[in-house]
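Chains as they are written, first to last, in numbering that gives the first Met the number 0: chain L, 0 to 463; chain W, 0 to 463; chain U, 0 to 463.
Think of the hints as simulated: they come from the structure by calculation, not from any bench.
It is possible that some hints are incorrect.
Any copy, or any two copies together, can satisfy a pair, since identical chains are not distinguished.
Said to hold, decoys possible - Straight-line distance between alpha carbons at most 30 Å, and here's what the computed DSBU-like set of lysine-lysine pairs gives:
id : residue 1 : residue 2
1  : K231      : K108
2  : K284      : K231
3  : K108      : K446
4  : K436      : K200
Predicted model only: the values in this text are computed from it and were never measured.
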Amino acid sequence: MTKNSSNVMALAPNTSNKRETVCIFGTGDFGRALGYKMIQAGYPVVFGSRSTQTSSLIPKDAEVLSHAEAAQKAAIIIIAIQRQHYNFLTPLAEILRGKVLVDISNNLKINQYPESNAEYLAQLVPGAKVVKAFNTVSAWALQSGTLDASRQVFVCGDDVEAKQMVMDIVRALGLTPLDQGSLLAAQEIENYPLQLFPMWKFPILLSLGLVTFFFFYCLTRDVIYPYVIENKDFSFFIAISIPNRICPILALTLLALVYLPGILAAIIQLYRGTKYRRFPDWLDKWMLCRKQLGLVALAFASLHVLYTLVIPIRSFVRWRISSQIVSQASFALNNKTEPLDNTNAWLSDSYLALGILGFFLFVLLGITSLPSVSNNVNWREFRFVQSKLGYLTLILCTAHTLVYGGKWFLSPSSYRWYLPSAYMLSLVFPCIVLVVKSVLIFPCLDKPLTRIRQGWERNPRYSE
Amino acid sequence: MTKNSSNVMALAPNTSNKRETVCIFGTGDFGRALGYKMIQAGYPVVFGSRSTQTSSLIPKDAEVLSHAEAAQKAAIIIIAIQRQHYNFLTPLAEILRGKVLVDISNNLKINQYPESNAEYLAQLVPGAKVVKAFNTVSAWALQSGTLDASRQVFVCGDDVEAKQMVMDIVRALGLTPLDQGSLLAAQEIENYPLQLFPMWKFPILLSLGLVTFFFFYCLTRDVIYPYVIENKDFSFFIAISIPNRICPILALTLLALVYLPGILAAIIQLYRGTKYRRFPDWLDKWMLCRKQLGLVALAFASLHVLYTLVIPIRSFVRWRISSQIVSQASFALNNKTEPLDNTNAWLSDSYLALGILGFFLFVLLGITSLPSVSNNVNWREFRFVQSKLGYLTLILCTAHTLVYGGKWFLSPSSYRWYLPSAYMLSLVFPCIVLVVKSVLIFPCLDKPLTRIRQGWERNPRYSE
Amino acid sequence: MTKNSSNVMALAPNTSNKRETVCIFGTGDFGRALGYKMIQAGYPVVFGSRSTQTSSLIPKDAEVLSHAEAAQKAAIIIIAIQRQHYNFLTPLAEILRGKVLVDISNNLKINQYPESNAEYLAQLVPGAKVVKAFNTVSAWALQSGTLDASRQVFVCGDDVEAKQMVMDIVRALGLTPLDQGSLLAAQEIENYPLQLFPMWKFPILLSLGLVTFFFFYCLTRDVIYPYVIENKDFSFFIAISIPNRICPILALTLLALVYLPGILAAIIQLYRGTKYRRFPDWLDKWMLCRKQLGLVALAFASLHVLYTLVIPIRSFVRWRISSQIVSQASFALNNKTEPLDNTNAWLSDSYLALGILGFFLFVLLGITSLPSVSNNVNWREFRFVQSKLGYLTLILCTAHTLVYGGKWFLSPSSYRWYLPSAYMLSLVFPCIVLVVKSVLIFPCLDKPLTRIRQGWERNPRYSE
């Protein structure tokens with residue numbers, strides 16, 4: 000299972016098979032962990048330290064020397080020291096000239112310093128070739144060998160050969176190097192391990208907000224209203240009934256919000272008559288998190304499916320059905336069994352069928368967004384799935400909600416304290432999206448839009 | 000999330016860090032989009048154009064020159080022009096000698112021309128090194144940065160160094176180059192973005208055909224027959240009941256069709272006594288789309304599960320159950336409650352259990368076919384899952400269907416207008432497959448088959 | 000779809016485009032299959048054989064020569080011969096000097112010989128450069144082109160250039176070479192295709208044992224007990240009711256076993272006051288198969304969900320409900336309909352809700368463990384999902400089980416033959432894990448633990 004490391008080969012034609020000495024500055028936890036790993040991989044390792052006293056923690060086969068001595072023994076020096084202490088390197092500048100310095104440091108906060116640690120290091124020791132690497136690897140994972148998540152080592156640096164040497168080491172340790180370009184990328188690489196799902200923040204905050212709003216909305220309508228008006232205690236609705244109202248509302252709303260920015264973009268482009276002006280910032284950001292919005296919507300849809308399928312097992316539902324039947328049975332003595340209401344059967348079956356098909360397509364969309372699947376799909380196929388199937392999903396789910404309302408849709412009796420049923424609110428965005436989209440499909444709008452997207456401009460502005 | 004680009008490094012040991020000028024012929028939409036991206040990545044860009052008038056659309060930092068002047072400034076020239084206009088390059092042949100020409104063109108139809116655009120370009124400018132690249136990337140995606148699907152850039156060309164230079168640019172733009180070999184591969188690369196799920200065409204058309212057939216079959220038996228004979232309106236069966244008959248039938252039939260070609264191949268090999276003769280063409284094609292057939296079958300199985308789980312929520316089912324109970328209750332007054340029918344309980348529970356286990360294994364097979372999972376599995380493990388678990392799935396699903404029929408299986412009363420129940424038709428292929436397979440397992444057939452597959456021949460035909 | 004091969008390029012700057020002759024020793028099945036493929040890819044192929052008689056099986060365009068003659072024609076010689084016959088190469092040592100020998104052999108058992116075949120070959124022909132490759136590819140798959148699982152070719156060898164030449168051939172055949180380092184890796188590479196899910200063995204054996212135990216436990220309580228005491232035949236419980244008890248028990252127990260080793264490790268580290276001593280072997284192994292344990296637990300949880308959702312369709316359940324209602328209806332004549340039991344409604348709804356949420360998070364954990372997903376996640380995100388969400392899942396599932404017991408939890412009436420309800424046994428491990436974990440969170444324990452994990456030692460043991 001752990002074979003998919005190093006899928007790139009060592010190449011420098013003059014590479015001999017004997018591995019070159021690596022120097023590590025700093026005998027802290029991460030420095031030692033790296034040292035162990037490198038010795039295992041066959042590299043001679045020498046530590047540079049203030050005190051050359053050998054600690055039992057330092058791997059046996061490693062030498063511990065002063066910084067200057069250690070640096071002279073190796074072409075590659077790994078700086079396993081915190082940024083605050085980098086200035087001790089200034090006096091060593093002459094010894095470090097031409098050497099490869101590997102910056103492995105991390106910060107505590109995103110964009111903590113104006114320049115990245117690696118760039119700062121390059122300024123301090125201008126004669127050395129600085130390469131950023133290893134900062135995304137955890138010392139603990141390195142030592143225990145349980146590198147499930149982070150086999151990838153992002154590498155960047157201005158000197159191609161230096162970068163190449165570092166990437167060879169990365170591969171030798173059983174990790175996968177990813178070349179991120181010049182040292183400018185160091186800032187991003189240093190921020191990377193501090194991120195916690197940055198693209199998911201907006202979709203999750205948005206849905207938390209919506210969940211809170213709809214929770215109190217449904218609580219008012221379904222628990223407080225019957226308690227106040229009819230003095231009935233339906234507080235247990237909080238466990239399943241209310242979540243099963245909130246989930247489909249959020250799924251549908253968020254799904255509509257996936258397609259809304261595309262429609263807004265089309266309108267803006269039509270209005271401006273060109274595609275060569277930037278969208279407003281909020282629209283750009285919104286478009287970039289559409290995948291995450293869609294996946295959150297899928298999560299709510301899945302919960303809705305589970306909550307719905309569980310209905311007939313609920314003790315409340317069993318009680319309600321059995322008391323209905325019992326009261327019916329009392330009448331049935333007079334031999335009047337209720338006939339099948341055909342309209343009801345149609346409505347109930349078709350809203351279930353629409354929901355099933357919609358959910359099925361939704362799951363398909365979700366599977367296609369898995370990285371390993373979307374990598375095997377070309378642009379035309381990706382667009383087909385995400386656009387055509389996506390709109391079909393939206394149509395099916397909107398129809399599911401409309402038919403669910405059935406005969407009572409918009410009927411006055413469904414208002415409680417002037418509040419409409421919650422599901423009606425979920426129809427607002429999908430209906431807007433579908434109506435506007437169906438307008439945009441008309442040739443009189445679709446043709447100019449296509450031409451604009453191919454680069455045509457209504458008012459071309461030649462600078463000359 | 001967008002880190003998994005460029006996992007291969009720049010290598011040419013003499014690469015300096017200053018990026019070399021790139022020339023782009025053509026100021027169309029894709030040429031400009033590429034130009035922008037390259038300038039962002041630090042490449043000096045010069046456009047070659049008929050009119051050297053600078054348009055505001057062209058990136059500010061780019062020069063616009065005549066074709067000849069532009070070509071002289073760069074070692075790499077990207078031809079962002081349609082194939083029909085390639086002949087303007089002939090007079091430039093002398094200037095283009097030794098340059099790297101990157102063909103990025105696409106066609107409108109698969110195999111539109113006898114030779115690929117890139118090969119045509121190589122014929123027109125024989126002194127240049129032609130590399131095919133970038134044709135799978137969308138201009139729009141390049142500009143907007145939303146390259147979800149198409150980070151992969153297929154590259155091919157006859158000159159290794161030229162290809163290498165282009166791949167370096169690809170990586171610098173944050174894309175992943177995939178070396179596809181010599182320029183012969185250009186035809187395939189040019190067809191790639193025009194394809195729309197080519198491997199899925201047959202399985203989807205086949206299942207559409209089967210769906211149509213079984214829909215009318217079930218409509219006749221379940222809606223028209225009761226309407227004609229008993230004057231009952233069950234038209235709402237179209238929403239759920241009939242789909243829930245069609246889906247399992249298709250799932251089982253398609254699953255059997257996944258294993259049928261393997262069995263036919265075995266019979267052909269046994270009959271011929273050798274594995275060194277090609278199978279008939281239809282069998283080859285059938286074997287290549289087995290994975291897709293299986294996934295379509297899984298889709299139908301999933302729909303069947305959803306349709307089935309939804310049964311107790313259906314208004315029709317609730318009505319039927321409650322009227323059954325009511326009529327039972329009228330009798331119960333005489334203190335005669337119906338006892339539990341143990342056979343029924345056994346049949347009902349075991350067909351459900353078989354279905355659950357079959358579906359569970361089916362989903363497992365589906366997960367194993369995800370590219371990222373199957374890459375982490377060796378040949379023996381893959382065969383184990385796809386063959387052993389696959390047959391177990393087929394056996395469980397067939398048993399599920401057989402037990403579903405239960406006591407009424409093949410009973411005359413289940414025929415309507417001489418039509419057997421639909422599920423019986425679904426048993427034809429699985430039973431054939433299972434019976435033949437169980438015959439092929441006998442040592443008297445299995446041993447010679449194994450030897451044939453290891454290369455043994457019944458009638459070896461030495462040419463000398 | 001089959002585009003994701005060779006994502007690394009040929010690089011040696013002096014590579015000409017004409018492909019070099021490859022020699023294959025041995026005209027067996029795999030040798031011929033490789034030969035075919037190479038000729039297709041444009042390589043001139045020459046076979047070395049004892050008898051130079053051309054067989055019709057050998058590709059037409061290939062020459063067949065004696066071993067010595069064939070070896071002289073090529074720089075690369077593929078040894079398609081079984082290890083037992085390697086000694087015929089000793090007399091050829093002089094001719095093979097400096098050549099690249101590719102060992103493609105496999106063994107029948109794991110670690111069959113003390114040294115790997117490739118190392119044995121290197122000892123026999125010390126002057127040659129031995130590279131291990133191609134052993135993970137199936138001859139049959141190579142010939143039929145259906146290389147779904149095994150596009151990956153593991154390559155190892157001591158000579159970098161030789162390895163590079165072999166990897167170029169691998170890429171030319173449309174396969175993906177993975178550099179595994181020096182020839183020492185050959186042992187592992189030779190074992191790889193013989194493995195059958197090695198990491199899964201322990202979790203699957205463990206769960207088989209637990210399934211057997213709980214099956215007989217439940218059989219005793221739910222089938223034998225009512226048969227002996229009340230003379231009721233509930234044998235059909237074997238199909239659904241008993242599996243639906245076993246599955247949740249196993250899911251919960253295995254999930255707890257995923258988190259137990261982490262807790263044991265923390266206790267050991269706290270006790271020892273250092274992280275620099277190895278854990279006991281069993282703990283190491285246990286920690287390495289946590290992912291597999293979790294996925295098996297997820298499989299059981301999924302089955303539990305399916306078995307539960309199917310409940311209302313079961314014929315037994317329908318009979319039970321209808322006889323309850325009928326008997327209720329007889330009383331209802333006296334106009335006494337049973338009121339809703341609010342506590343029951345709360346208990347039933349909340350255990351269902353807890354189960355749904357727990358299962359939902361569990362599936363999320365499963366999706367995150369897909370290789371393509373976990374590759375796109377950084378270390379912090381991975382830890383967040385696997386640790387925070389994992390514990391939340393465990394808490395929800397434990398609460399689900401506790402509430403399921405409800406009012407009868409630990410009540411004496413639920414004991415049959417002194418055996419407690421099966422679900423109570425499933426609570427043992429989760430409760431231990433949750434209690435100990437909640438103790439470890441206290442600052443007085445958490446702080447020293449964090450420091451120990453950062454490398455601090457209670458009794459530092461300097462060697463000097």
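Kindly indicate which numbered hints from before are broken by the structure, ordering the numbers from low to high.
1, 2
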